[in-house]
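Chains A and B, in that order, give the protein sequences. Residue numbers for the first sequence, in UniProt numbering: 1 to 365. Residue numbers for the second sequence, in UniProt numbering: 1 to 222.
Rather than coming from a laboratory, the hints here were simulated on the basis of the structure. No experiment lies behind these values; they were computed from the predicted model shown. For every residue, glycine included, the Cβ atom is placed at its ideal position computed from N, Cα and C. Incorrect hints may have been included.
[Stated by the list, open to error] Across the chosen pairs, the derived CB separations fall in these ranges: (1) Lys2(B) with Leu361(A): 24 to 32 Å; (2) Gln57(B) with Val268(A): 25 to 33 Å; (3) Thr274(A) with Gly43(B): 20 to 28 Å; (4) Thr274(A) with Gln57(B): 15 to 23 Å; (5) Asp136(B) with Ala16(A): 33 to 41 Å; (6) Asn328(A) with Gln57(B): 53 to 61 Å; (7) Asp173(B) with Phe253(A): 52 to 60 Å; (8) Ile264(A) with Asp14(B): 52 to 60 Å; (9) Arg203(B) with Val268(A): 39 to 47 Å; (10) Ser124(B) with Ala16(A): 31 to 39 Å.
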Amino acid sequence: MFLAWKEIKYSKTRFALIIGVVVLVSYLVFFLTGLAYGLAQENRTSIDKWEATGIVLADESNLNINMSMFPKELVDDVEASETASLGVTSSVVQLVEESEDDDDSKVNVTFFGVNEDEFIFPDILEGESIQNENEVIADISLKEEEGYELNDELSLAGIDTTVTIVGFTDNAKFNVAPVLYTDQPTYQHIRASGFGEREDEIISAIVVQTDNGELSEVALGTDDLEIYEIDEFISNLPGYNAQVLTFGLMIGFLVLIAAMIVGIFIYVLTLQKTSILGVMKAQGISSKYIGKSVVGQTLLLTLFGVLTGLGLTLVTGIVLPNEVPYMNNILFFVSITTLLIIVALMGAFFSVRTVVKIDPLEAIS
Amino acid sequence: MKLIELKNVTKTFDDGRKKIEALKETNFAVEEGEFVAVIGPSGSGKSTFLTIIGGLQTPTEGKVFINDEKFSELNEKKRAKKRFDEIGFILQASNLIPFLTVKDQLRLVNKINRSSFDKNDAQSLLDELKINDLSDKYPSDLSGGERQRAAIARALYHDPSVILADEPTASLDTNRAFEVVEILGRETKKKKKATIMVTHDERLTDYCDTVYVMKDGVLNKK
Chain A
1 MFLAWKEIKY
11 SKTRFALIIG
21 VVVLVSYLVF
31 FLTGLAYGLA
41 QENRTSIDKW
51 EATGIVLADE
61 SNLNINMSMF
71 PKELVDDVEA
81 SETASLGVTS
91 SVVQLVEESE
101 DDDDSKVNVT
111 FFGVNEDEFI
121 FPDILEGESI
131 QNENEVIADI
141 SLKEEEGYEL
151 NDELSLAGID
161 TTVTIVGFTD
171 NAKFNVAPVL
181 YTDQPTYQHI
191 RASGFGERED
201 EIISAIVVQT
211 DNGELSEVAL
221 GTDDLEIYEI
231 DEFISNLPGY
241 NAQVLTFGLM
251 IGFLVLIAAM
261 IVGIFIYVLT
271 LQKTSILGVM
281 KAQGISSKYI
291 GKSVVGQTLL
301 LTLFGVLTGL
311 GLTLVTGIVL
321 PNEVPYMNNI
331 LFFVSITTLL
341 IIVALMGAFF
351 SVRTVVKIDP
361 LEAIS
Chain B
1 MKLIELKNVT
11 KTFDDGRKKI
21 EALKETNFAV
31 EEGEFVAVIG
41 PSGSGKSTFL
51 TIIGGLQTPT
61 EGKVFINDEK
71 FSELNEKKRA
81 KKRFDEIGFI
91 LQASNLIPFL
101 TVKDQLRLVN
111 KINRSSFDKN
121 DAQSLLDELK
131 INDLSDKYPS
141 DLSGGERQRA
151 AIARALYHDP
161 SVILADEPTA
171 SLDTNRAFEV
181 VEILGRETKK
191 KKKATIMVTH
201 DERLTDYCDT
211 VYVMKDGVLN
221 KK
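Bound conformation, chain A alone (with noise of 0.2 Å):
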């Protein structure tokens, strides 16, 4: 560490370059990261909010909630410790008193029908319960960022009905847009625009709990409906797989580049210095300590750089609009963090290899 200490001090501008790099790059994963991890927070939120271990569709959807219905009587048929029928539907919302022409006022929501007495009903984090039909909770971003309040009177596209915001709960997205949550009558009603009227009572989906987080406890009871793992699910939302793996892939390459630019900059900063390690060894100085010395080197570099990037994007995600959906997410910090060093360190062993190859005999004649 003296050697590799000594050196950074002595060539201030040539490390502050290699760290400049460092910085940038880990800046970037690690923003990247936070979106990422923010964008597939807004699909699932919702459906994270249930704990649920299940959820029971009809067969014939392909796991697409949006194209499963049953009538709601097929509940009865569902044996399991906890059982909540849901009903999913997708509209566009507006306040009552904008204008219809006015397309920036809109907003796309997901309606969730829901019964409040079962466990899949939203805590109120502001307001109230839904006590009369046409009420709903919304989630609290239709607050943060369209400025929506209490006893607001939205006004729905498609359908003479209004409906009014009592209550705010957070957490609530599905498919990137805000969930309001609604009693079943009032769902059925707004579901059934779609499709013109319907005399039968149609739901999309049972979430189950069970006890032992086992879905073989659950006992289905006819046909028509099938069960799935709740992360099979959330994995098979729309788009969602696509997207994490699109983003996992470039924050993986990001995390390699920034770690081969480390371990190139060290490499090349080793090569350059062939000489005075061939007469450091001459002197008897081992490789193991000059290869310490490099690795340490690499070490601080890296472990500067990327915290300060991380300490940028901490910074960043503060001062953040609302409607950026960017997340923290500790565990995914360290273990890039982590990583990063590690492969780093990987790059730095190239340069180790080369100072082990030096012969010292070359180096003084």
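Starting from the structure of chain A, add chain B where the hints point.
Leaving out everything else, chain B in the frame of chain A:
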């Protein structure tokens, strides 16, 4: 006491077509406190001779003893260790590390053998070589003469028994060259080292106790 001893040492290089005898059979010894000069034209085998003593290469035949230990028989790692402990090198272009100050050059030795840095020790050594006011300067800030004196300080600092100097005056003007050789001679006597200086400049041998001439791989006393 003989600090350096070579017994029947030869060095032959085989370049595939023919064998080149870089060093013909040599018997040679340096006593404690003896300052030896080896002169000869370039290509005469002086460097081969010095690097064999320094353990950077091993003799084809014969044995090298440093401080009564069979140095040439040790494996590479042990030789490096022994070289670090027992031999101080002074090289043509100076053996200083560019990114360390004069003081840190010495401190590096403490770092490597895990001893504590004695400020007074270092200071008195630098005083002796008249470079104590340069202890916080980097090699690039020093003149050629100062640099070689710092190199001598570095070579003497860990108290080796042997000093090997390879053309230590090559980059210096005559006055500076004499000064450096004089210091080497003085320190050899005072600290009881065995010192070998390889040079092509005969005028510098005035301060030496024994002078050898190397010619075509054969070493003779002058």
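Verification of the supplied hints:
1. Lys2(B) with Leu361(A): 24 to 32 Å: holds (25 Å)
2. Gln57(B) with Val268(A): 25 to 33 Å: holds (29 Å)
3. Thr274(A) with Gly43(B): 20 to 28 Å: holds (24 Å)
4. Thr274(A) with Gln57(B): 15 to 23 Å: holds (19 Å)
5. Asp136(B) with Ala16(A): 33 to 41 Å: violated (22 Å)
6. Asn328(A) with Gln57(B): 53 to 61 Å: Taking Cβ atoms as reference, Asn328(A) and Gln57(B) lie about 59 Å apart, which means the hint holds.
7. Asp173(B) with Phe253(A): 52 to 60 Å: holds (58 Å)
8. Ile264(A) with Asp14(B): 52 to 60 Å: violated (38 Å)
9. Arg203(B) with Val268(A): 39 to 47 Å: Given range 39 to 47 Å: holds, Cβ gap about 43 Å.
10. Ser124(B) with Ala16(A): 31 to 39 Å: Given range 31 to 39 Å: holds, Cβ gap about 38 Å.
Violated hints, listed in ascending order, are 5 and 8; each of the other numbered hints is respected by the structure.
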